[in-house]
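J.: With chain A's structure known, arrange chains B and C on it following the hints.
Residue numbers (the numbering used here), protein chains in the order written: chain A, 1 to 253; chain B, 1 to 343; chain C, 1 to 303.
Take the hints with a grain of salt, since some may be wrong.
Claimed, not checked - Here are the simulated EDC-like cross-link-like pairs (lysine to aspartate or glutamate), alpha carbons at most 16 Å apart as the crow flies: (1) K251/C <-> E185/A; (2) K31/A <-> D226/A; (3) K55/A <-> D8/A; (4) K55/A <-> E99/C; (5) K31/A <-> E202/A; (6) K55/A <-> D18/A.
Stated by the list, open to error - Partial list, computed: chain C residues near chain B (C-beta under 8 Å): (7) I11; (8) T105; (9) M107; (10) V109; (11) L117; (12) E120; (13) Y173; (14) V262; (15) I266.
If you're looking for bench data, these hints aren't it; they were derived computationally from the structure.
Here a beta-carbon is modelled for each residue, glycine too, at the ideal position from N, C-alpha and C.
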Amino acid sequence: MATLQLQDVRSGYGYGPDILNGVSLEVETGKAYCIIGPNGAGKSTLLKTVAGLLKPRTGQVLFDETPIGGMRPDLVLAAGVCYVPQDRSLFPEMSVRENLVMGAFLETDKTVVAERMDRVFEMFPVLEDRLNQRAGTMSGGEQQMLALGRALMIEPRLLMIDEPSLGLAPQIADQIFDIIRRLAELDMTLLLVEQNVIRGLECTDWAFLLDLGELRIEAPSNEILDDPRIRELYLGRQKETTWQRGTGVGEES
Amino acid sequence: MTQVEKRESADIPVSLSPQESAPKRSRYLVAGVVTLVLALLPLARPLIGQPFNYVMQMGIVGLMWITMSSSWNLIGGFTGYISLGHNVFFGIGGYATGLFLLYFGWSPFLTAPVAGLIAVAFGFLFGLITLRTRGPSFIISTIALLLMTGLIFDNWDLVGGSNGLSLPLPPFAIEVLKIPFYYAMLVIAIGSVYLGYRVAHSKFGLALRAIAQDETKAEVAGIDTRRMKIAAFSISAFFVGAAGAIWGYSLSYLRPTVFFIIGVAAQMVLMVIIGGRGTVAGPAVGAILLVSLNEISVSQFGSSEINIVITGVILLIVLLFFPLGVVGTLREKGRLPSFLDWD
Amino acid sequence: MAAGNRGRRGIVTHLLQVVILGLLLGGVYALMASGLTLMFGVMRIVNLAHGVFIIAACFVAFFLFQGPGWDPFVSIAVTMPLFFLIGVGVYTALFPRIEGSARFTEMTVLLTFALALIAEGLLSYFFTGTVRSTDPSYKTDAILLGDFFIPTAQLLSSITSLVLLIGLWAFLYFTRTGYAVRATMQNRTAAQIVGVNVRRVSTISFGIGMALAGASGSLISFLFPFFPARHWQWIAILLALIVLGGLGSLKGAVVGALLLAVAAGIVSDQFGPTWSPMTFFGALFLILLIRPQGLFGHQARVG
Chain A
1 MATLQLQDVR
11 SGYGYGPDIL
21 NGVSLEVETG
31 KAYCIIGPNG
41 AGKSTLLKTV
51 AGLLKPRTGQ
61 VLFDETPIGG
71 MRPDLVLAAG
81 VCYVPQDRSL
91 FPEMSVRENL
101 VMGAFLETDK
111 TVVAERMDRV
121 FEMFPVLEDR
131 LNQRAGTMSG
141 GEQQMLALGR
151 ALMIEPRLLM
161 IDEPSLGLAP
171 QIADQIFDII
181 RRLAELDMTL
191 LLVEQNVIRG
201 LECTDWAFLL
211 DLGELRIEAP
221 SNEILDDPRI
231 RELYLGRQKE
241 TTWQRGTGVG
251 EES
Chain B
1 MTQVEKRESA
11 DIPVSLSPQE
21 SAPKRSRYLV
31 AGVVTLVLAL
41 LPLARPLIGQ
51 PFNYVMQMGI
61 VGLMWITMSS
71 SWNLIGGFTG
81 YISLGHNVFF
91 GIGGYATGLF
101 LLYFGWSPFL
111 TAPVAGLIAV
121 AFGFLFGLIT
131 LRTRGPSFII
141 STIALLLMTG
151 LIFDNWDLVG
161 GSNGLSLPLP
171 PFAIEVLKIP
181 FYYAMLVIAI
191 GSVYLGYRVA
201 HSKFGLALRA
211 IAQDETKAEV
221 AGIDTRRMKI
231 AAFSISAFFV
241 GAAGAIWGYS
251 LSYLRPTVFF
261 IIGVAAQMVL
271 MVIIGGRGTV
281 AGPAVGAILL
291 VSLNEISVSQ
301 FGSSEINIVI
311 TGVILLIVLL
321 FFPLGVVGTL
331 REKGRLPSFL
341 DWD
Chain C
1 MAAGNRGRRG
11 IVTHLLQVVI
21 LGLLLGGVYA
31 LMASGLTLMF
41 GVMRIVNLAH
51 GVFIIAACFV
61 AFFLFQGPGW
71 DPFVSIAVTM
81 PLFFLIGVGV
91 YTALFPRIEG
101 SARFTEMTVL
111 LTFALALIAE
121 GLLSYFFTGT
131 VRSTDPSYKT
141 DAILLGDFFI
151 PTAQLLSSIT
161 SLVLLIGLWA
171 FLYFTRTGYA
181 VRATMQNRTA
191 AQIVGVNVRR
201 VSTISFGIGM
211 ALAGASGSLI
221 SFLFPFFPAR
231 HWQWIAILLA
241 LIVLGGLGSL
251 KGAVVGALLL
261 AVAAGIVSDQ
271 FGPTWSPMTF
281 FGALFLILLI
291 RPQGLFGHQA
301 RVG
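Excised from the complex, chain A in its bound form:
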């Protein structure tokens, strides 16, 4: 059963041109997907369109068969779609605890909120350590963990994460990817955008390759990883040595 469906969606910013040029795809429950592609391909735009921060100009966005295209972001969240933006979008003056509580804003039962916070602390012990620290003063990695933790406070049906490893040192990025893999193993429906292609594909089941606003390839992640032609065409001019699995060193040259 498809949790999320995009049908020929076009969208863009303001008066500007279409960034997404008619994208159709399906995301199935319980699977983890990674969107890859060059800069400007429309990856973030896609997530923003689903999240309600952008209105689709044509086409439909369906979540559990219900149209959510153009809905207000808070209603999209209420439907079960949670979005973690590239810049993490935390509340800088609020503490870790307050940020997490805000994550569960739509949940009115305090005991449920407390339980979920405990679970988040299990997954991200460092957050418990920094419970009263202001979010704006935390390091990049900690902020990303807080952003993910906050997203989990609402127990989303679909979790969309935009570039989780952006700006993070390799070791910290590793930690983040481990967490993402754990979430995938827990059968959370995940939709990831990742510039770090290898690591992104390693922790997901399926990949969508977006280029110039169009869906070029959709295939199981390991197929993409193993296919030299696709590597050649889309994954850059990296030398062989950098494509070692597991090191996460996939910088564009």
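T.: For chains B and C alone, coordinates are given in the frame of chain A:
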């Protein structure tokens, strides 16, 4: 976060459309004819007869507002920085030449350009302080400037305080008294509109538009935004100051309530927005429309309170429904007559 | 020697007196400014009409005093809810239309400018430009505290402002909606993606800002003489104040208000009351020179 962006200024696409030639050439003809008619109008005094002084006064007022709005457009339209206190320069010009006249006997017709330069100097100084920030702080500082200047002039003996100063009448016969003022304003108005035209078609103007569109991107692109903003603001003061010089002299008295009230600033803003912010012809169109409207409204309603309400209502309607103004909206619908298309 | 001591004490006492008066007045300024800065903080709205709505509330308090003889403090029970509703109405009618604007804050300036003109014109038309004020009995009373003379009107207003500001603080820090408001102020996108209905929050915030204006108007009605065109001076002062404090910062509005009210009091005392507004304008230009983001503002706020 924005879902759909609405345009609220008639930003001209950087690449001007290639359809020059015949339709656009006719605009020079129209411009030429209009200028000629305006220049020769006073000579038609015998034909006009009794209402001549009224016609002249309307001309003076209309040309003055065309000047003010075209100049305001440089900072408020092209650069996108709203100045709600621009009439400070109007007053500085008026008082400067008035004082020159009273103390040295110099005719404002000669010292008007000097008044313009003095206004520019003040504009430059003010811009240095306030154009370090973006958006709201600048606008707020212009309001503060206006009120501050009004307060100072209201309490300064040299300029007569709230009673102001009386100026000697110009040395012309009563019947032709208004004519020199008319010509002075005509020259100033032509200068102001022409300045707008030249700026619009220059690299400077391009930089200003870039700042209006997205100041961060403009900075990243290497534009010295602060210098450009200060330049635009300073230049925009010149003709406003000169107009103030002539206007004060035409009234034969100077008083803070003539120059430093918010109503004058409101009119400037309104005219440009109605006409089309960021266009060359827009401010003049707005000025003519509003002066006519004011004439009608004053003769119908008389009281100034209703005028204020009407000004506000028109501004509101235009902002909500026709943010591009006359010129901008017509251009968008592809119906802009060529004599208005100078961008 | 005794005479010399008394002279020195006299100067200090006098200065302290001026400072005390300034602080008392500062409370009311803080009330006025907080509504204004709240609107900017939550919605990036610069409300040029804030002053004219304060004056409108003055008129409400005035007519309630003249007619049924209501004390201005009591009139707050009317002006606050009334202006809350007006705020909600004005916001809903105007601002969602321009939500998607590229230069949103600028548009709000122009829009509220138009609103201010309309409101001023209507007030002038219906009530003329006569200078008015309410005259409750305590207007000329004062309490003597040691060497200091504390005007009752100012004292009561200051206490009222304090109570209302504490109420605002409690709302923002202890209620769910208040949390949502603060979240929206800190990061609008983040608020949306955690499920805050920012449209509703914005409407409520605008209403609250106007309610604070309403309460201020009731107080101003006896603290200062008022007439419709006076609002320009008020809004210029309040805007200068919130720029000083930092646009969007409530802490800044309060601190700025107290500081400037004291400074204005000193200026008024030394140079005459005409010049006291200059303090605010001077402070504005000073802060723009040395710290454009204001005392508690953030660098280069994304407008």
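J.: Look at each hint and say if it fits the structure.
T.: Quick rundown of the hints versus the structure:
1. Note on K251/C and E185/A: the hinted pairing is violated, with a Cα-Cα distance of about 46 Å set against a maximum of 16 Å.
2. The straight-line distance between the Cα atoms of K31/A and D226/A is roughly 20 Å, outside the 16 Å bound, and the hint therefore fails.
3. Between K55/A and D8/A, the direct Cα distance comes to roughly 13 Å. Compliance with the 16 Å bound is thereby established for this hinted pair.
4. For the given pair, K55/A sits about 14 Å from E99/C by alpha-carbon distance, which is consistent with the 16 Å threshold.
5. Between the alpha carbons of K31/A and E202/A the distance comes to roughly 13 Å, so the proposed pair stays at or under 16 Å and holds.
6. Only pairs whose Cα atoms come within 16 Å are accepted, and K55/A paired with D18/A is accepted, the gap being roughly 12 Å.
7. Given hint, I11/C at the interface with chain B, is violated; its Cβ is 27 Å from that chain's nearest Cβ, farther than 8 Å.
8. Of the supplied interface hints, the one on T105/C holds, with its beta-carbon coming within about 5 Å of a beta-carbon of chain B, less than 8 Å.
9. Interface hint at M107/C: satisfied, since its Cβ lies 6 Å from the closest Cβ of chain B, which is below the 8 Å cut-off.
10. At its closest, the beta carbon of V109/C sits 5 Å from a beta carbon of chain B; the interface hint therefore holds under the 8 Å criterion.
11. Residue-level restraint check for L117/C holds (minimum Cβ-Cβ distance to chain B is 3 Å; threshold 8 Å).
12. Interface hint status for E120/C: upheld, as the beta-carbon distance to the closest one in chain B is roughly 6 Å, under 8 Å.
13. The interface hint given for Y173/C is broken, as the beta carbon of that residue sits about 26 Å from the closest beta carbon of chain B, more than 8 Å.
14. The closest approach between the C-beta of V262/C and any C-beta of chain B is roughly 19 Å, which is over the 8 Å cut-off, so the hint fails.
15. Among the interface hints, the one on I266/C is violated; its C-beta lies about 17 Å from the nearest C-beta in chain B, farther than the 8 Å criterion.
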